[in-house]
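Undergrad: Here is how the chains run, residue by residue.
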Amino acid sequence: MTAGDVVTARDVAAGVRDPELPMLTISDLGILRDVVEDGQHVTVDITPTYSGCPAMGAIRADVTRRLHDAGYADVDVRTVLRPAWTTDWITADGRRKLADHGIAPPTAAPAKKTPVPLTLGRRPPVPCPRCGEPDTVEVSRFGATACKALHRCPACGEPFESVKAI
Amino acid sequence: MPFDNAYEAITEENDHTKWAFGTGFDDPLAGVDTAVPNGMDAADLATYSLMLGDDALIMSHRLSEWCTNAPELEDEVALANIALDLLGQARLLLTRAAQASGEGDEDTLAYLRDEREFRNVRLVELARGDFAHEIARLLVFSTWRLALLERLVDSPDPVLAAVATKAVKEVSYHRDYAAGWTVRLGAGTDYSHERMAAGLEAIWPYTAELFTRHEVDLVDPSQLRPEFDAVLASVLDAAGLSVPDVTPMATVSGRAGRDGVHTEAMGYLLAEMQSVARANPGAIW
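Line order of the protein sequences matches chains Y and A. For what it's worth, our numbering labels the leading residue of the first sequence as 820, then goes sequentially. For what it's worth, our numbering labels the leading residue of the second sequence as 813, then goes sequentially.
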């Protein structure tokens, strides 16, 4: 860092990593909604990915700790429930990082329709993040964390995870 | 929150946080504007939040019993994920109920209420059967809950509306999962068809209660029936199954789960779910 650089509270908060997808920052993931700096006081707005996301407590604690370390004495981390998080908020950089780590980035989130249409057949296939094969197989719609699904690539034979489009 | 990290909350110096009982560091509605909107009855809002929160909590508990019991690892993971989504919804809704009533919090509501104070529908408390039985219950529950949440998105209470907006996305996945398995089992072998039909028949007497109007409903559940019937018809048709012809489960002078009148299974469920918190009030580990 050179003397001319100004590190804002937003820069500090944006650098916090997601505990379950540690290749992504909370900014890449799109859950950092706003950072308002007022002297020593900082208000940070974050949006949960899923209602039961167990990482929210850790993210809240990390944001607070890093801002304290950066000299902000008074930090308020607020939960913003609406608008609800969508995978469309994952940045282009975030998508590239996911693919680099063998996790297929999400396709476009389904258009909002009421009533929500039932999906009985196959969902649109997710391209393999390792070999690029477009026609892969969904093994399970649920994975090791709430935000991921399990797939298999018939071309390279590897299993892989994808971020569910919601 | 007063703690910098999850571990600080469970140390001896912070023993008032009762870690065994709950999590002192993570209010699920931290920083959300929780004022009750003008023109809304706080007691009704509390009761309604409790009803939907209890549905999610008890269903989540039953689903979590599949950990180490599911037929395939992938399905164990799927059921645990669904349970986690519902537990998250339960935490938000019970917290909302506590705020609106001005009494207690998510933990006291989950762990210190007795059977008659729970407002969940009876469908979710039924003891765990076989996998087909669970899939039938999940199909009925998630189809009904999704239709309800879609309407709650426009609730005058901004917290309920926000919780519903998020939950719609989650429950859509739950419904697709249950629908997929219903078709796979129903249209599979003669034996799997028979088991799926039996599961559906066992839970069907509890569906009528889902659409029965209660005095504090913010969404009229009788309006959900056409959407529910249409979705079930398309799933059962693809599965080669039909709607069971069974008599609805009896009520006690019209009172059922929403009034705190439960089946025998509920007491056993609560005994297990609440035992640690009740046996060790204030315990820390």
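To be clear, the hints were calculated from the coordinates, so they are not data collected in a lab. Even glycine gets a Cβ: it sits at the ideal position worked out from N, Cα and C. Wrong hints could be hidden among the right ones.
[Stated by the list, open to error] To be clear about the criterion: a stretch of chain Y counts as covered by chain A if any three or more of its residues have a C-beta under 8 Å from a C-beta of chain A, and this derived list gives those stretches: (1) 829-838; (2) 851-859; (3) 869-878.
[As the list claims (entries may be wrong)] Just the calculated beta-carbon pair ranges, DEER-fashion: (4) V958(Y) - D926(A): 21 to 29 Å; (5) S1034(A) - D907(Y): 29 to 37 Å; (6) R885(Y) - S913(A): 34 to 42 Å; (7) V825(Y) - F1023(A): 54 to 62 Å; (8) R836(Y) - S1065(A): 25 to 33 Å; (9) D1032(A) - D912(Y): 45 to 53 Å.
Undergrad: Which earlier hints can't be squared with this structure?
TA: Numbers 1, 2, 4, 8, in rising order.
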